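Guided by the hints, dock chains B and C onto chain A, whose structure is given.
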Amino acid sequence: MNSGTPKQLIRIEQRNPAYWRVIFDNPPFNIFGPESMPQLNLVVNALETDSKLKVVVFESAVPDFFLTHYDFVPPLEATTSMPPGPTGMPPLPDMLARIGRAPVVSIAMIQGRATGVGSELALASDMRFASREKALLSQWEVGAALVPGGGPMYRLSRLIGRGRALEVLTSGNDIGGELAERYGYVNRAFPDAELDAFVDTLALRISTFDKEALAAIKHQVNAATLPRDADVAPEWDAFIASVGRPQAQEKIAQLMQMGLQKNHDVEARLGYYTGTLSH
Amino acid sequence: MNSGTPKQLIRIEQRNPAYWRVIFDNPPFNIFGPESMPQLNLVVNALETDSKLKVVVFESAVPDFFLTHYDFVPPLEATTSMPPGPTGMPPLPDMLARIGRAPVVSIAMIQGRATGVGSELALASDMRFASREKALLSQWEVGAALVPGGGPMYRLSRLIGRGRALEVLTSGNDIGGELAERYGYVNRAFPDAELDAFVDTLALRISTFDKEALAAIKHQVNAATLPRDADVAPEWDAFIASVGRPQAQEKIAQLMQMGLQKNHDVEARLGYYTGTLSH
Amino acid sequence: MNSGTPKQLIRIEQRNPAYWRVIFDNPPFNIFGPESMPQLNLVVNALETDSKLKVVVFESAVPDFFLTHYDFVPPLEATTSMPPGPTGMPPLPDMLARIGRAPVVSIAMIQGRATGVGSELALASDMRFASREKALLSQWEVGAALVPGGGPMYRLSRLIGRGRALEVLTSGNDIGGELAERYGYVNRAFPDAELDAFVDTLALRISTFDKEALAAIKHQVNAATLPRDADVAPEWDAFIASVGRPQAQEKIAQLMQMGLQKNHDVEARLGYYTGTLSH
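Protein chains in written order, with this note's numbering: chain A, 1 to 279; chain B, 280 to 558; chain C, 559 to 837.
Chain A with its partners taken away, still in its complex shape (with noise of 0.2 Å):
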């Protein structure tokens, strides 16, 4: 995949010029690693700068995968050697950074697993909605001995409450839809024959409104609700001097001896299987 043209792993469909689906396509995992990065980039890239877009859902063609953890097969350097993106940070905070400062409202439709970089991007939407029977939360990096990077202790904290994200990330557990709803992990969750009825309307409804007052309101709930760089930036510091260490090495060797990246059901049971590991 270095040479010649990269695999498509985001694509765009327009359903308006004010109205766009931005679509995961990386079977059979939707893992998330370093060739997605300049993809997603020109999707925020977008969201900052298209004079006619108001609203984006973020959803995927890959079933029971929303979005997934970071790929682990790549060498780290890989991810550490790209260039930080304009907030100054690297590439991941600096683009989940930028989805939230975007003048354009971003929604998150999860109807498969949302771990990890899934879960993290979908926080860092400005509203996420989920399949009740589909969706799967989790922030499972602490079963991996690893600090998650992508800024959901803030994120997650703020939406949620101290009491609840200490349970997701302490635990890694899965969150199903419906306790996801229950903990304002999501907005709400529906029926999986219903979700893509009730966000496309939603989604419509945003495209007629006004893109001035849209962008002033976004505005002034930032002021009040986002993280500044400096809040987000150590998570990621922690996250990669995590991935360094022996403790973690050792149980991604381990999930990788289970099938981590190959075998569907460690992938789709991965809460189970990272409460499995010897320690």
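These are computed hints drawn from the structure, not numbers from a lab.
Fair warning: there could be bad hints in the mix.
Footprint (simulated), chain B over chain C, 3 or more residues, beta carbon under 8 Å [claimed, not checked]:
1. 606–614
2. 694–704
3. 725–734
4. 789–795
5. 800–807
6. 826–837
All of these numbers come straight from a predicted model, not from anything done at the bench.
Ideal placement from N, C-alpha and C gives every residue a C-beta, glycine not left out.
Frame of chain A, contents of chains B and C only:
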């Protein structure tokens, strides 16, 4: 209405010296406008200075409407020419901030539509209880290309979290009592037949407690939760700026054409009608 | 009790070196007083320094009472004469702040009344799980003309929002397990028969994870959510000031007359009795 005794739009009913009901009574829609300002100010003054008052319940005498949007009939200058209040902010954000700081517990009892100013007054009150069948809360402004001016970007975000607040504020949708409770927009929703008795029991109980202890408790909660004036003042400026923009003037003209401030159905289903405007 | 071996009010049961149960055992009501302070301090020291400990569950050995209000029998000086803790704050706010900062996950398992200090310790813990049938949480203090002193104005407001926190704090009402979950006062409520097994499974899972990763995750959540000492210290000062006021002395005397600290029904239905005091 500019000469003679102004119509009484807000009445006070003293259940006992420590417990007052403040009743919005401006039929047919409980629209809030320049005339309402000095009358609400008398109430806010009492919250700040009455030595016996401990708890106040805001309610409506108008069926289907708790308190709704700002009056679009008087010229904007009738509002912008008003002198600032004691905080230095214009009258509406001034009074809402002072309700939060007053040493008296304030409870909004919502049995009809609380839209725009109605939602903002409810959010500025210390607690909110809603009718499960009859309450409709909304910040409808975006549907008319307006930015809400009374602090909801800050207050609602802090109350229900960034994700749900952005949904309410960028969709302009009507939120019923049950969903309002699920989102934390109100403390709790009750069957309409039980709401008044619940609120009355609660307010009577509080009215037997020590005023000094109540005030000291609220003072500490305020330190942890209230926005500074500098946090909410920009929302009013953004509202005034938005009213002057052609996009808003065009949408308001369309709504007036449909019967805004005249037709019961337009006021009662405002969220529906803003979704039908041409854009 | 002032000479000889002090009664053991707080016991530690090690499920494994990484997972301890801390058991409040001061029958018949699990009242918390000056004698409890040094015993809780030993626990807090262990949370801060034990190299193997990862997760601790606070529970009660006393039926119907998790941990309740401060002891009104010893003279106030027995409390105010205690030297400050390592934070520079008096012992109770000091220990509660240190539980929040400790590199160990703390879980309150609430199967009876958690009132006053009991609620405050639960709020200072990282998570809270409650019995649906048996848990009763409250900050009852306002009913005795007191101001709570252990940080709930800050911690509860940040956890459940200004509106619901003001209801809990200015009503002094008892909050059952189901409502406590709905308000976010606890993470979740479970049928009493299932609570211990849920908490045990969760704590065991956490105890298999890497201590360094757990501590780093909690450190970042702390940065996003913990009050500064300067935020909570004024609550203790307000409590001490309120105890000395004649209104509080009069209400406490009435409650003592009714059987506070002696009569099971007064302790078990404290929210009811505070509503019956003459004022």
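Now for the hints, and whether the structure bears them out:
1. Chain B is given as covering the region 606–614 of chain C, and this is violated because 0 residues of the stretch bring a CB closer than 8 Å to a CB of that chain, at least three being needed.
2. Chain B is given as covering the region 694–704 of chain C, and this holds because 5 residues of the stretch bring a CB closer than 8 Å to a CB of that chain, at least three being needed.
3. Three residues within the 8 Å Cβ limit are the bar, and the region 725–734 of chain C against chain B gives 6, so the coverage statement holds.
4. Counting residues of the region 789–795 of chain C whose beta carbon lies closer than 8 Å to any beta carbon of chain B gives 3, which meets the minimum of three for the stated coverage.
5. Counting residues of the region 800–807 of chain C whose CB falls under 8 Å from any CB of chain B gives 4; the rule of at least 3 is met.
6. Coverage of the region 826–837 of chain C by chain B holds. Counting CB-CB distances below 8 Å, 3 residues qualify, and the rule asks for three or more.
This entry does not satisfy hint 1, going by the numbered hints stated previously; all others are met.
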